[in-house]
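2 protein chains.
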Amino acid sequence: MVHPSPEVLDTKEIDIRSMSSSHRHSDQAPYMHKVGMPSKQNLLKEIKSTVKETFFSDEPLRPFKDQPRSRKLVLGIQAIFPILEWGRDYNFTKFKGDLIAGLTIASLCIPQDIGYAKLANLPPQYGLYSSFVPPLVYAFMGSSRDIAIGPVAVVSLLLGTLLQDEIDYETHPKEYLRLAFTATFFAGITQASLGLLRLGFLIDFLSHAAVVGFMGGAAVTIALQQLKGFLGIKKFTKHSDIVSVMRSVLTSAHHGWNWQTILIAASFLSFLLFAKLIGKRNKKLFWVPAIAPLISVILSTFFVYITRADKDGVAIVRKIEKGINPSSVNQIYFTGDYLMKGFKIGVVAGMVALTEAVAIGRTFAAKKDYQLDGNKEMVALGTMNVIGSMTSCYVATGSFSRSAVNYMAGCNTAVSNIVMSGVVLLTLELITPLFKYTPNAILASIIITAVIGLIDFDAVILIWKIDKFDFVACMGAFFGVIFISVEIGLLVAVSISFAKILLQVTRPRTALLGKLPLTTVYRNVEQYPDAAKVPGLLIVRVDSAIYFSNSNYIKERILRWLADEEEQLKAKDLQRVDFLIVEMSPVTDIDTSGIHALEELYRSLKKRDIELLLANPGQAVIDKLYASKFTDLIGNDKIFLTVADAVLTCKPKTAVEDV
Amino acid sequence: MVHPSPEVLDTKEIDIRSMSSSHRHSDQAPYMHKVGMPSKQNLLKEIKSTVKETFFSDEPLRPFKDQPRSRKLVLGIQAIFPILEWGRDYNFTKFKGDLIAGLTIASLCIPQDIGYAKLANLPPQYGLYSSFVPPLVYAFMGSSRDIAIGPVAVVSLLLGTLLQDEIDYETHPKEYLRLAFTATFFAGITQASLGLLRLGFLIDFLSHAAVVGFMGGAAVTIALQQLKGFLGIKKFTKHSDIVSVMRSVLTSAHHGWNWQTILIAASFLSFLLFAKLIGKRNKKLFWVPAIAPLISVILSTFFVYITRADKDGVAIVRKIEKGINPSSVNQIYFTGDYLMKGFKIGVVAGMVALTEAVAIGRTFAAKKDYQLDGNKEMVALGTMNVIGSMTSCYVATGSFSRSAVNYMAGCNTAVSNIVMSGVVLLTLELITPLFKYTPNAILASIIITAVIGLIDFDAVILIWKIDKFDFVACMGAFFGVIFISVEIGLLVAVSISFAKILLQVTRPRTALLGKLPLTTVYRNVEQYPDAAKVPGLLIVRVDSAIYFSNSNYIKERILRWLADEEEQLKAKDLQRVDFLIVEMSPVTDIDTSGIHALEELYRSLKKRDIELLLANPGQAVIDKLYASKFTDLIGNDKIFLTVADAVLTCKPKTAVEDV
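Chains V and B supply the protein sequences, listed in that same order.
For the first sequence, position 226 matches number 226 in the UniProt record's numbering, and the numbering has no gaps at all.
For the second sequence, position 497 matches number 497 in the UniProt record's numbering, and the numbering has no gaps at all.
In case anyone wonders, no lab produced these hints; they're calculated from the structure.
Here are the simulated distance ranges between beta carbons:
id, chain 1, residue 1, chain 2, residue 2, range
1, B, Ala-532, V, Phe-483, 57 to 63 angstroms
2, V, Leu-633, B, Ile-306, 53 to 59 angstroms
3, V, Ser-495, B, Leu-84, 39 to 45 angstroms
4, B, Leu-84, V, Pro-535, 36 to 42 angstroms
5, B, Pro-68, V, Leu-633, 41 to 47 angstroms
6, B, Arg-71, V, Ile-488, 47 to 53 angstroms
Virtual Cβ for every residue (Gly too), placed ideally from N, Cα, C.
Just chain V, with the same shape it has in the complex (with noise of 0.2 angstroms):
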């Protein structure tokens, strides 16, 4: 053996003692482990914890603690309108950054808007409602400094098919808006409730993996819908769904394509990309994909006017309503049916709204390392939407290409939202009678190329490498989205992602240790090939908390590995199995199904005469196994600190021929 280096030598001083002090434990494990063990009266402090880790794991009262009551008024005031807090040391350079990101963001989310509007069958103008208002009150409410607020691709086609399942657009628009409002408002109740209620952590059912093949998905269907104004359709399905677009867009083919149209679309769909392109190569001139919608628009209506395409069969924007938002408080539905109808589909399109925002600040916060208050973040995002519902707005939230831009233009604080709405504002009083001659066309190449950044190639590859499961949900939702609509497709992803959790806790790992050569050190024979099993004994980890949903399938496996080990052990007529020491380190509770199942596999064991020791059981195990009495079925002496400490005291019955 080498020389032992003096850190060795140090270490070795360390252990020797350590094993013979460990071994002492051994003797005493139940000494060692009643010192583990709280006291029993808890039950109270019990509940308490766990109420406080499932709804205040984030402490959001950490700040008042100890505070005069005069300060915690002001922090209080401040925890609901974090504005004054960044507001007080916020300052001219800081501004500066705010305002170039504003007009960026402004200049990209004009023309996106009245896109997105028409996404939910509304009118042009409701899209700038939504860019007006509600980005004005997160300003005020939310802690997010980079997150740009406003309609977005994926809620507004959502809210368009879910609205459209109960009211067609066509023949019944006023009925159509007034529950688009509805469902606005209720979205908005949702998202607040969800955050004054704590239950924030809802919202992380939903699997990054879901996430991403459900926008991708989205995504698709979106640019799918876009083929109507690019190829100048005339009557076009109302369905999202690939086949259905797919079959009105051939049918139409022969007449129904006007060639002005398609020539415009093309001819700024290039130009576009080529923007985009730009933007990707050098991040410097993020600004030139970020205006390059804004110009094309500009020069688009120009072109059209002159050329007065319109009478040619280009589609036009045609009217947009000019000034603000109106009041929308009495065009709500409190009664009748339509009330649940708004309930359900508010509920819905709230919950995929806040996936979205919640994704984006928590990106973005990570970046700059902030922490962001997800349950603050609900309350702030759902207010903003009730009080949209109330001006004419429709469900509004973060998105992920103007939150990219506002980021990358150098923004500061919320301050660039309140600077775009600003500009919307002025749009909307000033300009919106320009947009007459603007062609739909223009607004579906831009809505194209707004789109195609939600499709994210390298997550899907990374998702197929890191875990098949997570795969499998990912294209789930992307095909459900694409073959059948966007409620579906979320379902599947949600489901899917269910079904794991599910199969996690009812099909638990378990493995065989051995012993790593020349150490005391206990590992997975599957994962260490020369981990060697100790002759007489058989060592086997449960991976997993034993719980009702898995502990007859435990005890069943465990079982399962001695009935191998023997059959082999038979085979090669060697010693046979004398004692099974059960590693419990990841068992981090067990339930009373779990301790049935500990005492069936005490007892079966008996019966094959095999002594049953258990290794380092955690503290939420050790008091069960005491409350049950199971310690004293199996004896004291049979529970110890390490696997090593168990092995050492299996000795004297078996002799170990060193590794």
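Starting from the known structure of chain V, arrange chain B on it as the hints suggest.
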């Protein structure tokens, strides 16, 4: 330090090497783990193993392994009809046990059947029918040796309420009966298909606690239902909740009660309870409570016959069809909207019946230590009910009370069921007319004594002691059944069980680790107060797989541990934290969201210039860490075999004063 014993010395030998080597490992951590990694391209294998563990965890084909074809065929047939297997070495001594057991449960089941049929709102003979055919079928196909098949209280009640919700049994007895057969048919189909599709594990989602609560609630409800017969009330509510039952009992108090009935019922009830007490006191006298019901039926019938008490308003059975089960194939609804209703009811009743049967089977299999193939059991029970539905039987399953008697009477095989059904056959053929004068009151008393056994106080107390959350589920089910209805109680039970699983995966435990004095073992500082934190580093253990449902929480929780720690250190102005070690032994799996969370954790640590080290990631985890290039991000040399190794490498920067 004490003079080390020889044993300690030899472990010392081991341990010097251990540390040096494991330290050597730590330098070559990536090497270690590369060894641990299986080859990349094993997607198929991966999926195959998942499927295997999920659906074929019990290796049903194991005995077929490397056998000649002819043998395989025999084994196949034996697998379907276990009787062929145990039948071959069946002998007289075994038969004696089975005969006695069979007669005992027969005497118990006959009066119970008649009563249970009333619970299901069916004419009495259908109870007996269901104790004739199903046990026969089960005897050939079932693999439990102790279960006693027949109609049971809970399922009868459940079926009764569910059917009554669809059709009123008084106004439309024919349709009601037909729907009952339809439900039974689909109950069988459900059970069989669960078995064939290897979905047996689904019933594990009804937690033990929930079952205890549900059973208790059902028992109370059933007992309350018996007040009708017990007090001789004519018009009685059709609802099963305690409130409406009590109301109809009290409203009928001043005129509706019949004192003769009460007299008979009360006296025999006390007799039955006394018999039960004797059985409890002296296990040898198990037959006393077993035959007491039949005796009291005979006595009371005779008594009523001579006194003609029925003239004084003592309700009697009046009429039981003579003869064995008529066919009912043509009565099952295979069309119309009753098909769907029957299907729904069947699925629910089938699942509940299955849960009860499997629970019983497992209990006694554990007692006699023989394996029970859950999926095979389901196929047997399913077939039994399908055949039953075609021979005028309603849903039959394993009965708690009768199975216990069967076991205590010393049954050896399912032959006891054959004996029982033989006795039932004779009863149907010969003596049913004699039941004409049997007072309903006696049946009420018998059922009450029977269901009392379903209320398991000890279990409830144990549940309370062990797991508070289980207790909530238990009580939820209990009160759900009592105050609302059986199906609601069931729903509550299931949903609380699920809520628990979700909570588990959303808010996993995390723990700060400290070094146990004089060892290299690191444990939860809460559990082991003498475990000392290592200055300069923070060791956090994550106690769960890291999935989308908890990845964000885990990331934020770890950062919070860090924040708290740093706060304290500042307060005591101690050395700041330079290293964060994440002990990953319990982290059994990770998905894409989990990887992202780790990346974000790494980044925000880097900003605080704290190094991230990982200790002992499992196979699946290290696999994915590599696939996602996370290992390259933090550096391969930052992954260690044990926490001790990780701590060693931190030493150079931060001197550990040994505790």
